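Number of protein chains: 2
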Amino acid sequence: MSFMKDISLLVKNNFLSGIDVLSRRAAQITVEIQQGERTNYNKVLDLSSGDLHRGGIKPITFVRQVLAACFYPALLEDDSLPLDVKQRAKILLSECDGGSIGSYTDSSGIAKIKLCVSQYITRRDGGVPSSPDNIFIKSGSQTALMIMLKLLIRSKDSCQTGVLIPVPTYASFTLALEEQGAAIIPYHLCEEQGWTLHVEELRKALLTGRKTCNPVALYICNPGNPTGHIQSRKSIEEVIRFAAEERLFILADEVYQSCVYGDDTEFYSYKKVLSEMGSTISSTVELASFNSVSKGFMGECGLRGGYVELVNLDPAVREYAQRLFSTRSCPPVIGQIALDLMADPPKPGDPSFPTFSEEAQSIKNMICKNTGRIQEVFSELPGISCQPLKAGFFVFPCLHFPPKAIKWAKKRQMEPDMLYCLHLLEETGLHVRPGCEYGQRKDSHHIRLFVATQQDIMEDALQRLKTFHMRFMKEFS
Amino acid sequence: MSFMKDISLLVKNNFLSGIDVLSRRAAQITVEIQQGERTNYNKVLDLSSGDLHRGGIKPITFVRQVLAACFYPALLEDDSLPLDVKQRAKILLSECDGGSIGSYTDSSGIAKIKLCVSQYITRRDGGVPSSPDNIFIKSGSQTALMIMLKLLIRSKDSCQTGVLIPVPTYASFTLALEEQGAAIIPYHLCEEQGWTLHVEELRKALLTGRKTCNPVALYICNPGNPTGHIQSRKSIEEVIRFAAEERLFILADEVYQSCVYGDDTEFYSYKKVLSEMGSTISSTVELASFNSVSKGFMGECGLRGGYVELVNLDPAVREYAQRLFSTRSCPPVIGQIALDLMADPPKPGDPSFPTFSEEAQSIKNMICKNTGRIQEVFSELPGISCQPLKAGFFVFPCLHFPPKAIKWAKKRQMEPDMLYCLHLLEETGLHVRPGCEYGQRKDSHHIRLFVATQQDIMEDALQRLKTFHMRFMKEFS
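For the protein sequence lines, the chains are S and Y, in the order given.
The first sequence begins at 1 in UniProt numbering and counts up one residue at a time.
The second sequence begins at 1 in UniProt numbering and counts up one residue at a time.
Copies of one chain are not kept apart here, so a pair can be met inside one copy or by any two copies together.
DSS-like, lysine-lysine: derived pairs with alpha carbons at most 25 Å apart:
(1) Lys90 - Lys43
(2) Lys86 - Lys58
(3) Lys112 - Lys272
(4) Lys466 - Lys407
(5) Lys347 - Lys272
Source of the hints: derived by calculation from the structure; they are not laboratory data.
Model, not experiment: these values are computed from the prediction.
Sequences and hints are given; from them, build the entire structure.
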């Protein structure tokens with residue numbers, strides 16, 4: 001039977017290093033296709049990462065026009081660009097030293113853009129004040145998060161610093177924590193209840209963690225990656241109360257805040273909820289909230305722009321944070337400008353507004369349609385269950401493998417979902433990620449699929465997945 | 001006397017944090033000018049950092065046209081852009097997933113651009129082979145350097161990891177070393193001989209260092225910042241031989257490699273010299289060489305693009321390096337593209353070549369003229385001596401303060417050159433950096449001036465410096 005073709009061996013021989021086996025194999029297959037060595041499919045479909053443009057989504061025109069004009073100011077005289085594009089580019093250039101985006105900026109970002117971001121936050125949170133002094137722009141939210149970890153993790157203590165992180169969570173964050181010398185304290189999200197975060201789970205994890213390390217921070221990803229869930233206001237309140245009781249610093253990764261689907265679903269920021277919990281709590285719980293230009297509908301991952309807002313930091317700690325943020329080189333000016341455009345997009349009445357809102361809406365519609373199709377296809381397939389997608393860019397369905405499939409994987413010393421993903425890639429060209437990379441309950445298995453891709457690509461992907469999955473389940477039943 | 005106006009007090013009251021006192025004061029003064037509170041000068045002249053565009057230099061047109069077209073591909077249909085610009089933009093876009101520079105790339109950079117960089121290196125070094133597999137692109141050479149430090153510095157050893165660094169060296173590097181937990185082992189450059197690097201000095205420093213830490217790496221900045229010197233081929237050979245004997249990893253910061261002035265001056269890369277020293281040495285000495293789009297004549301600091309080339313790394317170490325480089329998010333795509341354009345600029349015959357070469361040459365001419373004027377003015381001033389500028393963006397003249405000036409500073413518990421710079425800024429609006437930030441021999445004092453600025457700005461700056469300096473020397477004589 002074809003599944004016995006030993007991919008595990010292929011993996012071991014070709015990918016000695018073990019770094020991202022799947023991605024390397026996908027790249028190899030692409031070369032094989034180009035060289036005519038593959039006939040069963042003509043293209044690798046990549047639903048492995050949260051990258052809108054890779055998934056065929058066109059960039060937002062307003063964003064690209066402003067950026068092009070900033071690069072090449074001769075375009076400011078060009079009649080084909082809308083007036084608001086040219087005005088915005090002029091304002092932004094006037095904030096750059098020497099009128100050039102090629103100049104260094106302040107290492108925490110251009111003052112005007114920090115102000116723009118703080119105003120966006122105030123609007124988002126219905127008036128809760130935000131100060132540009134607490135905004136630090138870096139080349140992506142992950143870079144800002146790494147600096148915060150650097151601040152929180154004390155490498156010289158005899159007792160390791162602990163950070164509570166959800167299971168599942170995205171792999172690069174776990175790697176970064178390990179690299180910085182933190183002890184990872186996992187807490188499980190409740191899949192059966194749509195990946196809900198239960199405070200009892202946090203408490204249990206903390207108690208266990210305290211036996212071996214010094215827990216100082218609680219990392220939250222809301223909306224969730226890879227889980228596609230979003231926390232309710234009540235759930236956030238409970239988490240904040242817990243953090244207050246246990247004196248934990250909250251790291252709130254809120255990069256998917258603008259990607260929320262369904263009428264009954266609303267994003268509440270940790271900062272907003274915190275601000276309404278009474279002064280004992282609202283003025284004491286330390287919080288860092290992250291956002292990015294990569295994960296909204298702009299999807300400008302390659303520009304590298306993100307920020308952190310710091311709330312309630314002890315003045316001495318804040319001073320040290322400022323120092324850490326300022327010893328690093330300035331964030332890419334282009335990423336900063338993209339943040340400005342994200343925080344202050346065209347408004348009704350602006351020349352660019354109709355196109356802008358149409359483009360943004362069509363991306364949202366596309367994701368909703370994709371999600372509907374995914375649920376439809378999954379509901380017909382044996383051995384797959386999937387929590388509804390409420391927000392973000394991913395679904396994380398559970399695969400209920402037959403015992404024979406598990407045994408087959410065990411024999412090859414690989415995780416069953418990894419082996420599933422490798423075979424799926426090998427046989428259909430569809431590249432998705434295995435749950436074992438994100439962490440999951442013992443003996444449960446998942447895959448992660450990117451949903452924000454063109455509908456025809458999604459349809460193609462679902463057909464490949466369906467064909468493969470049916471054959472797989474039959475083979476091992 | 002006016003110098004007794006107590007700036008030290010002003011500093012202590014207003015800049016409690018101590019982070020970059022001068023820059024903050026410069027920003028305050030700019031606000032004071034805008035609010036009409038200053039009448040003695042109408043503008044702060046900033047010669048504090050190595051930023052071409054801030055200094056009024058226009059970006060290279062070819063670079064900006066390609067970048068604008070990459071951002072907004074509608075421009076590919078625009079007749080006003082030269083053909084080679086459009087061709088290059090098309091090629092680069094075809095290397096981006098989904099044809100968008102908004103997509104993530106490989107975390108060490110786009111393969112085609114790494115190839116382009118390696119070909120540039122091979123040409124630069126007269127045929128010494130370079131492989132794209134050894135090139136890692138990051139958001140600036142400093143980011144790449146930080147990752148290499150992370151690789152070399154073992155935080156858990158009982159004995160601190162030591163890194164040899166020149167005195168003077170730029171302050172942010174020293175801070176970064178401290179932050180990463182390295183022990184700094186200073187070696188002095190010989191100012192009297194044009195900031196020559198003597199191997200005996202390295203040997204002395206290493207011996208001292210070995211008493212308290214475990215020295216593993218030797219950091220070289222060639223051409224030098226802030227010193228403006230360039231190493232001879234012979235000097236580089238001596239350093240490499242020393243590193244071979246003492247088993248030190250060479251970190252060669254070569255970001256000013258394209259900024260070399262004077263007919264008798266040539267840049268030799270550490271890699272080229274190493275390759276010609278016989279196989280015992282050429283195949284064993286471990287080397288990392290850094291370069292950037294910020295420091296050449298493109299001066300695109302704000303785009304954030306740089307790379308490191310690794311040479312002779314032990315396979316296990318290389319594997320770990322690969323891992324460190326790949327766990328971080330991808331470098332800004334725009335910075336990568338700028339690297340491609342730097343490594344492969346327009347050639348004779350290309351439509352963009354005439355403008356490109358004229359722009360590059362005019363920047364070089366401007367720097368040479370500025371350097372001439374600086375030497376002229378300094379030679380007339382009492383108490384200043386300055387080594388000739390051979391390369392890079394800075395001069396680092398020595399200030400011979402009268403004893404009364406030293407006493408005056410001591411009374412205020414400040415470094416004399418810091419106090420000099422603060423008064424220079426306060427009274428003339430000229431912002432330069434004090435030698436104490438870079439390290440200098442005991443009882444010697446310097447300032448660092450950026451030279452790659454428009455000639456009228458440089459003339460204005462020299463007049464301000466001259467007036468102030470004469471008054472200062474008179475006051476304290």
